Each structure stands twice: as structure tokens, then as C-alpha cells.
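Just need the whole structure built from these sequences, with the hints factored in.
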Amino acid sequence: DAGVIQSPRHEVTEMGQEVTLRCKPISGHDYLFWYRQTMMRGLELLIYFNNNVPIDDSGMPEDRFSAKMPNASFSTLKIQPSEPRDSAVYFCASTQGGSSNEKLFFGSGTQLSVL
Amino acid sequence: GEDVEQSLFLSVREGDSSVINCTYTDSSSTYLYWYKQEPGAGLQLLTYIFSNMDMKQDQRLTVLLNKKDKHLSLRIADTQTGDSAIYFCAESISGSARQLTFGSGTQLTVLP
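Chain order of the listed sequences is A and B. Residues in the first sequence are numbered from 1 upward in steps of one, following the numbering used here. Residues in the second sequence are numbered from 1 upward in steps of one, following the numbering used here.
Any given hint might turn out to be false.
Here are the simulated lysine-lysine pairs, BS3-like style, with alpha carbons at most 25 angstroms apart [claimed, not checked]:
| hint | chain 1 | residue 1 | chain 2 | residue 2 |
| --- | --- | --- | --- | --- |
| 1 | A | 24 | B | 67 |
| 2 | B | 67 | A | 103 |
| 3 | B | 70 | A | 103 |
| 4 | B | 70 | A | 24 |
| 5 | B | 56 | A | 103 |
Because the hints were derived from the structure by calculation, they are not lab data. Values in this document were obtained by computation on a predicted structure and should not be read as measured data.
This is how it looks when you write it as C-alpha cells:
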């Protein structure tokens, strides 16, 4: 398996523009997570899905952020409108639930810069 | 709530041992993890330890757990330049990925 695949690797945009980040989880994994990493706040869980259904979005910073998972092999995280404080690395991760020790697999991340 | 703390930086000479420390607050944590993040990459699970263990060894890696002090450490023997990365400690109450709490990460720099 190719692992968790994210695109794009880098995104530079201007304030006010819409940004869409994409993720393909590992095949067979039924949980998908979106994290944000910044120097100031470290690694933050934004939202996670189980079987394509959003379960906990309490980490989503505000209404400008939305996430979808239309099928088991694809998820998006959208920011509209984007702001400079959204600049961060966004990671997608997946795991197969149900074991006593669920191992999380991360993608390489999307480096977002909002100017 | 859960809180995981790590020192931010560590520098060692190539060939020496590195010890990265972590403290956590939730005594009900069942699994504790070490993740490695290389530059420009995502986090990769290095090793983990179950809470009923004191020590786990995996090649050059040794994990020590002191449950009484809620202290976790990762020792890397014979540290190499390829070990330069950010190391994250994480805890999970139930072993569930949905309940992972990460530390801030320790930047390990290996000097030649």
C-alpha cells in the first residue's frame, strides 16, 4: 500500500481565497483524521471520521473550516475564506479501528501558506 | 484533561546515546507511543509500550516507563545523523487513535 496520500504538498494562496486539501487514506482503514501542526500550538486534532461519517469536529477552529468524506478513499478539508493565521502544516492520518492498540498512519502533510 | 510535556531540543554527538524524556498527566493511559517526524514528512510510529510494562527494547531503541512518576523516555543507542528528527511522545487512554494526546515534540540534532 502506498500509505496515506495527501495533495498538494505545498499550497500558497492569498488571504480570502478558498483552499482545498485532499487525502486518500490507506485502503481498508475505517478511521480518518485531520490534524494541524504549528510551532505555537503543536499538533491539533481538527476532526475525525468513521466509515465516512464525521464523528468529532470539536477541534475545527471555526466555521471557515469544513471537512467531507464522500467515500472510503477520499476526504477533503476546505478553508473558506482563508486567513494568514491558517498557515500551518495539515496532516491526514488513518487507522483501522477495533483493536486494543490502534496505530495511526500519517500522510506527508500539506504545507499551507496564506499571504 | 490530558497533558503531555517534552523538552523542545536535544543535541548529541554521533555515536552517543540520546535520551528523550516525556511526562504525562493521565494515570489511566494504557498505551504510550513514540512517533518520529523527519523534515518534510508526516509522523511515523516508532514504538509503543503498554502501561503494564516497565521497559521495551527494539534494536537501538529502549523505552522506559515509570508509571509512578508518569515519566516516559526513549533511548536511542549509537545515535546516527539519520536519527535527526522531531520525536513526539503520545498517550492514549484506551489504545484508541481517537483519544491520542501528543506532546509538543523534541527536536533531536545529531552532530558529527
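Hints, verified against the model:
1. 24(A) to 67(B): With Cα atoms ~37 angstroms apart, residue 24(A) and residue 67(B) exceed 25 angstroms; violated.
2. 67(B) to 103(A): holds (22 angstroms)
3. 70(B) to 103(A): Answer holds: residue 70(B) to residue 103(A) is near 22 angstroms, not above 25 angstroms.
4. 70(B) to 24(A): Violated: residue 70(B) and residue 24(A) sit about 36 angstroms apart, past 25 angstroms.
5. 56(B) to 103(A): holds (17 angstroms)
In terms of the numbered hints stated before, the structure departs from hints 1 and 4, listed from lowest to highest.
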